[in-house]
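Build the full structure now, drawing on both the sequences and the hints.
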Amino acid sequence: MEITGEDLKQFFSRSRHLMAVCDDRARLIAVNPAWLEATAMALSEIRGEPLCHLVHEEDARLVEGVLRRLEREATLDVRLRRRKGGALWVELSLFREERRARLYVTAVDISVRVGEEEALAAGEAFLERLHSSVPQAAFLYFVSEGRSVLLSQEGLSPLGYRCSRSLPVASILHPDDLPVVRALPERLAPLAEGQSTEVILRFRHRDGRYRTFLVRETPFRRDERGSVTQILAVAVDITDQKDREASALEQACRDDLTDLMNRRALMATLRDFLEKGDPFALSYLDLDHFKEVNDSFGHGRGDALLRQIGRRLSESAGPGDVVARLGGDEFVVLMKEMADRRVAQAAAEGLKEAIETIGSSTDGISLSCSIGVALFPEDGRDGEALLAAADGALYRAKAAGRSCIR
Numbered sequence: 001m002e003i004t005g006e007d008l009k010q011f012f013s014r015s016r017h018l019m020a021v022c023d024d025r026a027r028l029i030a031v032n033p034a035w036l037e038a039t040a041m042a043l044s045e046i047r048g049e050p051l052c053h054l055v056h057e058e059d060a061r062l063v064e065g066v067l068r069r070l071e072r073e074a075t076l077d078v079r080l081r082r083r084k085g086g087a088l089w090v091e092l093s094l095f096r097e098e099r100r101a102r103l104y105v106t107a108v109d110i111s112v113r114v115g116e117e118e119a120l121a122a123g124e125a126f127l128e129r130l131h132s133s134v135p136q137a138a139f140l141y142f143v144s145e146g147r148s149v150l151l152s153q154e155g156l157s158p159l160g161y162r163c164s165r166s167l168p169v170a171s172i173l174h175p176d177d178l179p180v181v182r183a184l185p186e187r188l189a190p191l192a193e194g195q196s197t198e199v200i201l202r203f204r205h206r207d208g209r210y211r212t213f214l215v216r217e218t219p220f221r222r223d224e225r226g227s228v229t230q231i232l233a234v235a236v237d238i239t240d241q242k243d244r245e246a247s248a249l250e251q252a253c254r255d256d257l258t259d260l261m262n263r264r265a266l267m268a269t270l271r272d273f274l275e276k277g278d279p280f281a282l283s284y285l286d287l288d289h290f291k292e293v294n295d296s297f298g299h300g301r302g303d304a305l306l307r308q309i310g311r312r313l314s315e316s317a318g319p320g321d322v323v324a325r326l327g328g329d330e331f332v333v334l335m336k337e338m339a340d341r342r343v344a345q346a347a348a349e350g351l352k353e354a355i356e357t358i359g360s361s362t363d364g365i366s367l368s369c370s371i372g373v374a375l376f377p378e379d380g381r382d383g384e385a386l387l388a389a390a391d392g393a394l395y396r397a398k399a400a401g402r403s404c405i406r
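Each residue of the sequence shown is one higher than the one before, counting from 1 in full-length UniProt numbering.
To be clear, the hints were calculated from the coordinates, so they are not data collected in a lab.
Model, not experiment: these values are computed from the prediction.
Among these hints, one or two may not hold up.
Estimated spans, in silico, between C-beta atoms of each pair [unchecked claim]:
#	residue 1	residue 2	range
1	Ala30	Arg82	13 to 21 angstroms
2	Ala192	Asp340	57 to 65 angstroms
3	Ala192	Gly392	56 to 64 angstroms
4	Gly160	Lys9	57 to 65 angstroms
5	Arg16	His174	38 to 46 angstroms
6	Glu353	Gly160	50 to 58 angstroms
7	Gly160	Arg83	49 to 57 angstroms
8	His174	Gly85	41 to 49 angstroms
9	Ile200	Gly146	18 to 26 angstroms
10	Arg182	Arg396	49 to 57 angstroms
11	Pro179	Arg82	35 to 43 angstroms
12	Ile200	Glu145	18 to 26 angstroms
13	Ala192	Met267	40 to 48 angstroms
In silico lysine to aspartate or glutamate, EDC-like type, Cα no more than 16 angstroms apart, as pairs [what the hints assert, rightly or not]:
#	residue 1	residue 2
14	Lys336	Glu275
15	Lys398	Asp286
16	Lys336	Glu378
17	Lys276	Glu337
18	Lys336	Asp321
19	Lys276	Asp382
Where a beta carbon is used, it is the ideal one built from N, C-alpha and C, also for glycine.
Here it is in structure tokens:
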């Protein structure tokens, strides 16, 4: 099937690429609608004009030089003039046909690519100044395309990477942090007003571990309407700081003597149990006559026994159960999936025997305990109510002669 002249006319008129035809002296004969639309020019304004007059004045000499040397074809990046000022960056392809003494021209819009290159250059210049004080990782985020480009890898050295722009940012991001990145459009409003936003992201080390970064986002480039088109994100490694905070929080939630959960941590865990809504039991333990141990053997021996009791309770508790020390000689065990009071009391009996076994194996010391058991939701629907119910049951166990369960 042959291509006809009509086919070529249709292609020329309907193509979305910019096309032009010039005579043997590179004067414009025709352009397609895409060219006129992109430059906002009328055909009557540019017909007969030399091709070098259609480009930005700073690129005119480049085009003239290429045309003088052109034998067959050439490609160059130039800026086309637009009616309303400014310029459109294009990749200009020239093809000379000797037989018809024609010069065929096509232009592909490369504004985005050039804009990226300019932004990268500007970003690097900015980061050179930034890195003179604090080494940081920096990313340039292109809003319309939804992608990030790594500008500097200085701050990524803790991750063990040496490559820079060839490293896709998303490839080293923790999967759970992807929603934070996807929520960037929600942060565009404050960014558009010139404000900075901060997010916490985790990036993967080459060995598979993750490190935590504080990422500050600021508007970097806007379009002619003032909308933010590029965002500069500067990342600072805060892993060590976060580890210290986590360690401090862990310490704040641990009993200094037994290393079990303390009251604060117990109440937080109790809230988690309640939010899940599954039945569970709360056993409230109190050692019988423990003051006599301290009086007879000293507080050092008493503390050692409390640590041993904490370990024994942890070993005797079921999978997923939680053991805490409220203070003094009082302990609490949260027992998961306990809906039957008899089953819960049988489990508490196992805890009681574990503690009393310690006493029987310790020369001169006799240990026993009393336990009060409360069930959720039967005995209370919040933490304070459950603790009060278990404390009441414990009081009844003490009143019944101690060393028993109620």
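Structure-based check of each hint:
| no. | hint | result |
| --- | --- | --- |
| 1 | Ala30 to Arg82: 13 to 21 angstroms | holds, 19 angstroms |
| 2 | Ala192 to Asp340: 57 to 65 angstroms | holds, 59 angstroms |
| 3 | Ala192 to Gly392: 56 to 64 angstroms | holds, 59 angstroms |
| 4 | Gly160 to Lys9: 57 to 65 angstroms | holds, 59 angstroms |
| 5 | Arg16 to His174: 38 to 46 angstroms | holds, 40 angstroms |
| 6 | Glu353 to Gly160: 50 to 58 angstroms | holds, 52 angstroms |
| 7 | Gly160 to Arg83: 49 to 57 angstroms | holds, 53 angstroms |
| 8 | His174 to Gly85: 41 to 49 angstroms | holds, 46 angstroms |
| 9 | Ile200 to Gly146: 18 to 26 angstroms | holds, 20 angstroms |
| 10 | Arg182 to Arg396: 49 to 57 angstroms | holds, 56 angstroms |
| 11 | Pro179 to Arg82: 35 to 43 angstroms | holds, 41 angstroms |
| 12 | Ile200 to Glu145: 18 to 26 angstroms | holds, 24 angstroms |
| 13 | Ala192 to Met267: 40 to 48 angstroms | holds, 43 angstroms |
| 14 | Lys336 to Glu275 | holds, 13 angstroms |
| 15 | Lys398 to Asp286 | holds, 9 angstroms |
| 16 | Lys336 to Glu378 | holds, 15 angstroms |
| 17 | Lys276 to Glu337 | holds, 11 angstroms |
| 18 | Lys336 to Asp321 | holds, 6 angstroms |
| 19 | Lys276 to Asp382 | holds, 12 angstroms |
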